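Chains as they are written, first to last, in the numbering used here: chain A, 131 to 555; chain B, 32 to 281.
It is possible that some hints are incorrect.
To be verified - EDC-like, lysine to aspartate or glutamate: derived pairs with alpha carbons at most 16 Å apart:
#, chain 1, residue 1, chain 2, residue 2
1, A, K497, B, E102
2, B, K158, B, E194
3, A, K497, B, E120
4, B, K131, B, E143
5, B, K213, B, D240
6, B, K158, B, E181
7, B, K82, A, D509
8, A, K449, A, D496
9, B, K82, A, D496
10, B, K139, A, D509
11, A, K474, A, E457
12, A, K444, A, D388
13, A, K497, B, D83
14, A, K444, A, D176
15, B, K39, B, D50
16, B, K36, B, D50
17, B, K139, B, E109
18, B, K131, B, D147
19, B, K82, B, E102
20, B, K131, A, D509
21, A, K449, A, D483
To be verified - Partial list, computed: chain B residues near chain A (C-beta under 10 Å):
#, residue
22, Q76
23, D83
24, E105
25, A107
26, R108
27, F112
28, P118
29, Q189
As the list claims (entries may be wrong) - Beyond 10 Å from chain A on every Cβ pair, some chain B residues (computed):
#, residue
30, G68
31, H81
32, E104
Read the hints as simulated data drawn from the structure, not as lab findings.
Only a predicted model underlies this, so the values are computations on that prediction, with no experimental measurement involved.
Where is the CB? At the ideal position from N, CA and C, for every residue including glycine.
Take a look at the letters that make up each chain.
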Amino acid sequence: MNVADLDSDLLKKAQAALPADTLRAVRESALPEFLQTGLPTTRVEDWRYTNLAGASALSQQWLENLVAGTATAKTRVSALPSIDAHCLLIRNGVVDEDLLHNIDPAVAKVLSITRLRDRAAAVTADGPLDSLNAAMLQDGLHIQVNAGQQLDKPLVIFLDDGGNAASHTRIVIDAEADSRLDLIEYHLGHSADPHFANTVTQLALQQGATANIVRIQDRARTHIQVGKLAASLQSSATLDYASFDLGGQLVRYDVMADIQGAGAMVRMHGLYLASDQQHIDIHTRVDHRVGPAASREEYRGILNGRARCVFNGKAIVHKGADGTDAEQANHNLLLSDKAEIDTKPELEIYADDVKCSHGATVGQLDKSALFYMQSRGLDRDAAAHLLTRAFAGQILNFLPFNTVRDHLEARIDAKLDELLEEHTQ
Amino acid sequence: MLEIKNLKASIGDTEILRDLSLSVKAGEIHAIMGPNGSGKSTLAQVIAGHKDYIVTAGSVQFLGKDLLELEPEERAREGVFLGFQYPVEIPGVNNAYLLKAAVNAKRKHNGEAEIDAFEFMQLAKEKMKLLDMDPGFLKRGVNEGFSGGEKKRNEILQMAMLEPRLAILDETDSGLDIDALKAVAGGVNSLRDPTRAIILVTHYQRLLDYIEPDFVHVLSQGQIVRSGDKSLALKLEEQGYDWVREAANA
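So that you can see chain B by itself, here it is in the shape it has in the complex (with noise of 0.2 Å):
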């Protein structure tokens, strides 16, 4: 499904992902550990389309296609959903009023009619009550003055409702208390299927405990330096990171 191959990407004069290659099947869920500033979210906005990134070298190919040469909507519109790791407060911007928009976006995309108003907020109310999310959230502006969790679970809202064939979440535990991280756990595992694929960006083992992942790779300094199964992220956790960069180095 997605196919990265020697990807090397820049912001400015700094370079953070250097050779970089990940092979992403339907149906699989990734984890990319790694410490701070290995990269882990430049490449998540750079699958997305970022400007401010640019891509000097390698491919990024999704379903067949080159993502790279496509605009960010374009890239959303055929499946691609960032979960980001701070999701922008849009005061004035209707929650309800962009999550059917994108709907929509998606379904004109796709050749289908836009959805009614009223098939809308069944859906929708169906897809908070899972995530126990209180309706009210629709009403209000994008993201503003939610809580952290709240605006996590906002994020995890708009993907159960694009239900995109690739979602990358992007830190999407941090700062979630328990409660919260088991309803976003939850509304991921509830999006698990055969045809979609899931890449988990995370620091931490902890998301791992309730999102069980295929594939757990180990990302420093812009490189993946280990890949295994979820018994690397348990080793993670109990010896850091260090190791891993001294076998990277050596």
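The shape of chain A in the complex, shown without the other chains (with noise of 0.2 Å):
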């Protein structure tokens, strides 16, 4: 199935369906650029191995729903975890109102919170998806960080989407100066409708300043998720972020970090663990424009059934940036012989003074473990699990804080029961 162009003509139509508030003029200014390229294809090479026909067939019936008016705002409602963090929503793209207006006094003396609609300028588009959420966006999400600031507790920002057949969510934080931030991005959705979610986070981390993130992407086996992180930071900011994908038919993640400071750190961990027919694709880029400064990315994978992922890590070093010291690896456990992983570090190095390395794994259960553990009385699926936590273990000790680690144990540990049901090797 190819990925059909997204009519310019019914773009438009939909885009004149939508408000004329302060975002109409950002929406406008987006289209040519998507318009462009249109969707990717798999011919692009950045794209080879994901195909976003099923994105293009909801993206196409959503636009129809909007021309229509059908598109309605409210739909089926997830349940939300229960986290000890101020929480904030956004459903299919529009912030929920109760949360954001019944959000601790105290969160205001650290963040302004604003919608995007009263900060339409904030809005930057860089690439194809990225612009056709910025063509479409009806909301979002701004939020600044007070220079020298940090909260009591995470904040924790809720995607729920579904119902209708497609959302473009958006996230635009910038950090001032010597502040700090502990997020959760928590992914969800769990109705059962195909539904395609375009989600972006900007974040912008003045000198200074830290940004503690975790994603958790748990959304419905019918979702197809494309989803961007794209963070720059200033001198000696940092950057630490983990993320856990669960959930989803088909997703594509880019993580990407812009070194523009000296001093500056970077830490990108994350985990898929996918089953059945999972498709998971994780690009990630690090840019080192300048030294020194330091960068530390591990990804794990754990799949099984027919379940395919992509690992694409890109770290450069450009010309100058002298002092970079840059470590990559990926590591994946197949269960499967129909699992498929394509794993791929890339380092591009222009500077002379540089300490970089990267390496790749993939591997199976190891038998000699698994019967050792046998041989103790615990019957192999209890051994696979062990052996699988324990893999997925290291990840989860890259947290870059402790309140959501309960909550994420439980889930992972639900998800590799569900992933060893399959039949392993």
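Both chains are sitting in their own frames, so use the hints and assemble them into the complex.
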């Protein structure tokens, strides 16, 4: 199935059907950029393993509904997990008023939270999906972390999508100098209807600012998600990012960190657990534009059934970025001979004084360890669970804060049980 | 307790056990000796249920049950314990967690309640003291970064916690210094019991100075070619294995 181009007339009609608010100018200026390329096809190198035909069909349907006035904002609502954090919610790209207004007043001293409709100038888009997101944007959040401030506990933003055929969500975060934000970006959406979610998180870290971000993607198995985190770091800024992909039918996520100041630190860690016919494609990119600065990256995947995953990690050390220290690793466990991983760590180095390493491994469950545990009375499934859990635990060790640890461990255990139910080799 | 009759087992196309028979009764300690490649470890692995070894003939009865019909974990729960020659390192799987899971798997099988956390820690620490093991080993990954001696002690700790009816210790003495050997032997001797049988698989007589066997068997080319009391082990120590081989081939 080829990716059908979205019709430009339909896109324009759909734009016209959206309210004449401050975002209209943003939408209209983003559309030409999207139309230059349209949705990427598998002929584009960066997209060779991930086919957006399903996303295209759902987008088409959603645009037609918008034009016909039948795309409802209200959808079936997912139960939100209980997490000890300040909570915000975006449903199908639209900010939930109640949670926004009921947020703890103490938060206002640390964060300036604005709806994107009131902060349209903050939207910047780069690339076709990002441009499509901007071209169809209805709302979103702008969060400014005030200089030198930090919250008493993390902020969780739930992205609960579904009901409508497609949604476009954008979060823009400006972390001022020496501020700190602990953020959980929690993707869910338990509606069984097929859905295409296109999410973008823009993150600007000023000098000395720290963002600790945990992304949990636990969407329904009918969801297609394309998402992006685009971060820029000024001097001595830190991004500590940990990502967990548990759900979704087809997921493509791009994590991009642009190091623009000396002394910056980027940590990117991720776990993807894919079973059945799940498809998870992760692209990461770290641009070291100045040195000294460091990046540490490790992604791990466990695949069973006919799961298909892609890891493409790119580190680019630009000319003059001396003193760069970059490490990257990707490790995979394949539990079925029908599962497939395409892993490609890439290093491009244009500076002289750098320390870089990268590596990738693909393996199976250690049979001698399985037998050892069975010989102690554990059945094979329990032994396999322990082994996979230990493998996944290496990423849990990198959680930048502990607020969601128990919740996440329970979700990972449940997902591993589901994954191991399928016949393993 | 254990009745092995005319057992033949292969790995790939290679037959390793060739018509082996052995009878072990409760309360007995048997030593199985033999040169490298004689099939000692294969026998231990076959009894524990390793899938790489294919049993082509014969039978193994354990407490009246057909052991060969059971999965490795079922054998363990029935009371068979294999102390590995090379204990496996399992990074990220907590040593105490595995130990507790093993104890509970057996308890569940016996229709008993799970051990509570406090009782488990008390028991584990008590057994570790006996083996001169630091309780810190409970917090580490299973055998992760353990020295050879520490791994063997960990095997004996598992055995002591699981209280098997039949323990097969495969080359438990190999690579141990004299202090570790004494600690391990002490652990084994403390489990000596009229209801329990122990099979020591060993290349050298040295271990038998500390754990006195009731019977010694010599394995050669997949068969038991000599059986006797502990004096047989001494004779092997003095004269090597050549005379056994020659006698077997004669």
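Verification of the supplied hints:
no., hint, verdict
1, A:K497 - B:E102, "holds (15 Å)"
2, B:K158 - B:E194, "holds (11 Å)"
3, A:K497 - B:E120, "holds (12 Å)"
4, B:K131 - B:E143, "holds (14 Å)"
5, B:K213 - B:D240, "holds (10 Å)"
6, B:K158 - B:E181, "holds (14 Å)"
7, B:K82 - A:D509, "holds (14 Å)"
8, A:K449 - A:D496, "violated (43 Å)"
9, B:K82 - A:D496, "holds (14 Å)"
10, B:K139 - A:D509, "holds (12 Å)"
11, A:K474 - A:E457, "holds (14 Å)"
12, A:K444 - A:D388, "holds (12 Å)"
13, A:K497 - B:D83, "holds (10 Å)"
14, A:K444 - A:D176, "holds (11 Å)"
15, B:K39 - B:D50, "holds (5 Å)"
16, B:K36 - B:D50, "holds (8 Å)"
17, B:K139 - B:E109, "holds (11 Å)"
18, B:K131 - B:D147, "holds (9 Å)"
19, B:K82 - B:E102, "holds (9 Å)"
20, B:K131 - A:D509, "holds (14 Å)"
21, A:K449 - A:D483, "holds (10 Å)"
22, Q76, "holds (9 Å)"
23, D83, "holds (9 Å)"
24, E105, "holds (9 Å)"
25, A107, "holds (4 Å)"
26, R108, "holds (5 Å)"
27, F112, "holds (8 Å)"
28, P118, "holds (7 Å)"
29, Q189, "holds (6 Å)"
30, G68, "holds (20 Å)"
31, H81, "violated (6 Å)"
32, E104, "violated (5 Å)"
Checked against the numbered hints above, the structure breaks hints 8, 31 and 32 and satisfies the rest.
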